[in-house]
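From just these sequences and the hints, can you work out the full model?
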Amino acid sequence: MPTTRRQFLSLAGGVTAAGTIPIVTLRPLQATPAMLNTAIRNVVGEAQIRTGKVKLDIPPLVENGNTVPMTVSVASPMTADDHVKSIHVFNEKNPQPNIGNFYLNSSSGRAQVATRIRLADTQKVVAIARLSDDTFWQVAVDVVVTLAACTEEMN
Amino acid sequence: MAALINVPAKARRGDVIEIRTLTSHVMETGFRHTVDGKLVPRDIITSFTCRYNGAEIFRADLFPAIAANPYLSFFTVARESGRFEFEWVGDNGYSSTASAPITVE
Numbered sequence: 001m002p003t004t005r006r007q008f009l010s011l012a013g014g015v016t017a018a019g020t021i022p023i024v025t026l027r028p029l030q031a032t033p034a035m036l037n038t039a040i041r042n043v044v045g046e047a048q049i050r051t052g053k054v055k056l057d058i059p060p061l062v063e064n065g066n067t068v069p070m071t072v073s074v075a076s077p078m079t080a081d082d083h084v085k086s087i088h089v090f091n092e093k094n095p096q097p098n099i100g101n102f103y104l105n106s107s108s109g110r111a112q113v114a115t116r117i118r119l120a121d122t123q124k125v126v127a128i129a130r131l132s133d134d135t136f137w138q139v140a141v142d143v144v145v146t147l148a149a150c151t152e153e154m155n
Numbered sequence: 001m002a003a004l005i006n007v008p009a010k011a012r013r014g015d016v017i018e019i020r021t022l023t024s025h026v027m028e029t030g031f032r033h034t035v036d037g038k039l040v041p042r043d044i045i046t047s048f049t050c051r052y053n054g055a056e057i058f059r060a061d062l063f064p065a066i067a068a069n070p071y072l073s074f075f076t077v078a079r080e081s082g083r084f085e086f087e088w089v090g091d092n093g094y095s096s097t098a099s100a101p102i103t104v105e
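From first to last, the protein sequence lines stand for chains V and X.
For the first sequence, counting from 1, position 147 maps to 147 in my numbering; every step adds exactly one.
For the second sequence, counting from 1, position 23 maps to 23 in my numbering; every step adds exactly one.
Worth flagging that the hints you see were computed from the coordinates, not collected in a lab.
Incorrect hints may appear among the rest.
Partial chain X-side listing against chain V, Cβ under 8 Å, derived [what the hints assert, rightly or not]:
1. ALA60
2. TYR71
3. LEU72
4. VAL77
Some chain V residues judged to face chain X by a derived CB distance under 10 Å, without partners named [said to hold, decoys possible]:
5. ASN66
6. ASN91
7. ASN98
8. ASN101
9. LEU104
10. ALA114
11. THR115
12. ARG116
13. ALA149
C-beta: ideal position from N, C-alpha, C; glycine also.
As structure tokens, this is what we get:
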């Protein structure tokens, strides 16, 4: 496409003019550890959360936060009277504390879920499992992210 | 609405099988801005359901922190021959379905 000097200048001018405004509005949105706690309490209620049983496989160093493979597995026999009802995954510093809720049942056979997630910053990822006896088990993993996701500008 | 489904075609009764699904969707977070400062509205898949011969075996609530083109892997016990049905529901009336057969011996 032939570009005239006039088109180039008006385009360049438009970008700089617009570029000055977002600096004020583009403060990085971030969930806080308090929001993480609130999100967890929304799921768990007042119940006690114990550490253990849950395993969270996620790379400790992530180059691109836009797609991070993640696998959550829970040590459970998955029988009718002892199985995992749900798995909830949270983060500390994305704009929102929730990542996903996954609902299983006794016919799942294996308590394992895998997906790909976004991480906006170096942060903690928390996975919580609810068992059929309504006890909650959690694990937390620290992830270092070098290229953040979620809040970058759209081209 | 292209979806890739990976279900074993055959299984023995009682086997634990893995089901993998991938669907194409931008999963726009609603937190990004265009170059001129406008907020890009949220457009994500909010829920996924898998049914095995009509009975729900797996369900997921998805949030903007799920990467574009959502991939999900989960397990179930092969009980009987039949069909798996998959449904994705999202913002702006988005809805997409897929299904896969299985033979259980």
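Going down the list of hints, with the structure as the test:
no.	hint	verdict
1	ALA60	holds (5 Å)
2	TYR71	holds (5 Å)
3	LEU72	holds (5 Å)
4	VAL77	holds (4 Å)
5	ASN66	holds (6 Å)
6	ASN91	holds (6 Å)
7	ASN98	holds (4 Å)
8	ASN101	holds (4 Å)
9	LEU104	holds (7 Å)
10	ALA114	holds (4 Å)
11	THR115	holds (5 Å)
12	ARG116	holds (4 Å)
13	ALA149	holds (8 Å)
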